[in-house]
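From just these sequences and the hints, can you work out the full model?
Listed below are the residues making up each chain.
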Amino acid sequence: MSALVASVPAQAQLRIETSGVGASQIPIAIAGFSDENLAPQQVTAIIKADLARSGMFKIIDTGDVISEATQVNLPDWKARGADALVIGSVQRLADGRFDVRYRLLDTVKSAQLSAMAMAAAPQYTRVTAHKIADDIYEKLIGARGTFATRIAYIIKAGKEYRLEVADSDGEGTQVALRSNEPIISPAWSPDGTKVAYVSFEAKKPVVYVQNLITKQRIVVANYKGSNSAPSWSPDGSKLAIALARDGLTQVYVVNSDGGNLRRLTQTNGIDTEPQFSADGQSIYFTSDRSGGPQIYKMSASGGDAQRVTFGGSYNISPRISPDGKTLAYISQRGGRFQLYVLDLSNNQEQRLSDTVKDESPSFSPNGKYIMYATESGRRGSLAVVSVDGRVKQRLTMQAGDIREPTWGPFMK
Amino acid sequence: MLNIRNFALVVASAILLAACSSPVKLDDKAVPVVDSGANNGADARSVNTVDAGSADPLNQPGGILSKRSIYFDFDSYIVKDEFKSVVEAHAQYLNSHKNRKIIIQGNTDDRGGREYNLALGQKRAEAVRKALVLLGVSDTQVEAVSLGKEKPKATGSDEASYAENRRSDIVYQ
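First to last, the protein sequences are chains A and B.
In this text, residue positions in the first sequence follow our numbering: the first is 1, and each later residue adds one.
In this text, residue positions in the second sequence follow our numbering: the first is 1, and each later residue adds one.
Don't take every hint at face value.
With the C-beta cut set under 10 Å, the calculated list includes, among others, these residues of chain A facing chain B [unchecked claim]:
{"#": "1", "residue": "198"}
{"#": "2", "residue": "234"}
{"#": "3", "residue": "238"}
{"#": "4", "residue": "242"}
{"#": "5", "residue": "359"}
Below, in silico cross-link-like pairs of lysine to aspartate or glutamate (EDC-like), each with a Cα-Cα straight-line distance of 16 Å or less [to be verified]:
{"#": "6", "chain 1": "B", "residue 1": "151", "chain 2": "A", "residue 2": "401"}
{"#": "7", "chain 1": "B", "residue 1": "151", "chain 2": "A", "residue 2": "246"}
{"#": "8", "chain 1": "A", "residue 1": "357", "chain 2": "B", "residue 2": "139"}
{"#": "9", "chain 1": "A", "residue 1": "224", "chain 2": "B", "residue 2": "139"}
{"#": "10", "chain 1": "A", "residue 1": "224", "chain 2": "B", "residue 2": "143"}
{"#": "11", "chain 1": "A", "residue 1": "203", "chain 2": "B", "residue 2": "143"}
{"#": "12", "chain 1": "B", "residue 1": "151", "chain 2": "A", "residue 2": "257"}
{"#": "13", "chain 1": "B", "residue 1": "153", "chain 2": "A", "residue 2": "181"}
{"#": "14", "chain 1": "B", "residue 1": "130", "chain 2": "A", "residue 2": "246"}
{"#": "15", "chain 1": "A", "residue 1": "203", "chain 2": "B", "residue 2": "139"}
{"#": "16", "chain 1": "B", "residue 1": "84", "chain 2": "A", "residue 2": "201"}
By construction, these hints were calculated from the structure, which means they are not laboratory data.
Quick reminder that beta carbons are idealized off the backbone N, C-alpha and C, glycines included.
Given below as structure tokens:
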């Protein structure tokens, strides 16, 4: 948690000597926004849920409705236990959009920390609320919020498989792809407009890139044998993939339009699940070259690989944090498949989950959380855990078997 | 020719015997016997049907080629001896039917990651593909792919279900 303390902006002057998320939270009051019942969703309810879910805030109950134009007696709010106060308003504009305004106030310093005004179409009310929550998070915690980011995942409902996109809180789901055959390994492009995935619709695994906006699909890899495990380079120009075209599964890199295929690994075993490091210089991947599966690292242009994981005999699904300092992966120990993180600076390993059938970790774009797939009652569900292991959430969605989450990037 | 010659010998003997035992008219006995041997007893106007489907040994129910699954031990990717005859039969069939193509689909049980299981399923498909190619089957007739743990035949979480899913299937195109 020392990193979090260090990253908190000095001007906040709030009680932020956090020794751990959950152990010490920032008390914040969120007043009702004037006229917010005009919008399709209640903006402050979404903000409150976002902040509470992060585990970093304690929401101080209030029934007050306060517009951002109101002069507020901040010492009163300090006395009520709030270190910060959020006030605002919603107005319907002549063109049908909603104008949402808000202020974030520091009750300790009696100062304004932030103010925003956003006009958005009715269907973007949720996004507007998430953006306000992001702004509050950033001003008070010192790291970008991820409430307005989106997730993609695969849901199996009956015989149907769907690639769905939702807000990071699991709301506002949209279907990107429907199929009667399995879909696995979705991966967001760095610009958030495309998803690469593996679809079995041709009765074998083939790698596609789908533009979420235009619905255009490109076959990136359909070579003889299995094609799988797409992962984007940070600049979005290339995909690392796993192909079995020359026998067993090996790591290749290909342009995101499917051109210029190059083989990166040369072993007689399995090399799969390639992941570019945040700087694009390295590729982490899973290999069975030492017996059981372990995670290795090599240059993004191939060549010698160094073994990264040593704890346990089965370590798979490497994911590297946005700052490149932490490796998340799934480790099997004593019959349990659980989420672990490895601090790459000191090789300290930590188990983050209490569940037993974990798969497919995915970092939030600010690196503070990891979403992963797990199972409850024989049905797939998604879980989120803070990288320090203190905050745990379960993302339960309506119906179906949910798996293969991928957390999308920050968007404009 | 041989049959006819033998027949001729028998007929000749019969004639000889007959000639010895009793006074039978030679012409009456000899002619019908020889005629019968030449036509082999068949009706010259009969027609018999060939069914192309049943003639293909691939479609014979209960035949060895009807066996299309090769099972593997836990954490193993070697074709066991008990399945060698199945692989050999398919190799022989593919070698004599160069126009036929197959896909070998490797499968795993549901324990572990999807992508790693996909690679393990590929290993099982590849083991069968290699065995076929060693038996002379052309590369162009065979594709080894993996379904990993995505299309389980058995959905239970017991050893019997796991064993059922540790499998490569031969699928004719």
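Which hint numbers doesn't this structure obey? Per hint list: 2, 3, 7, 8, 12, 15, 16 violated.
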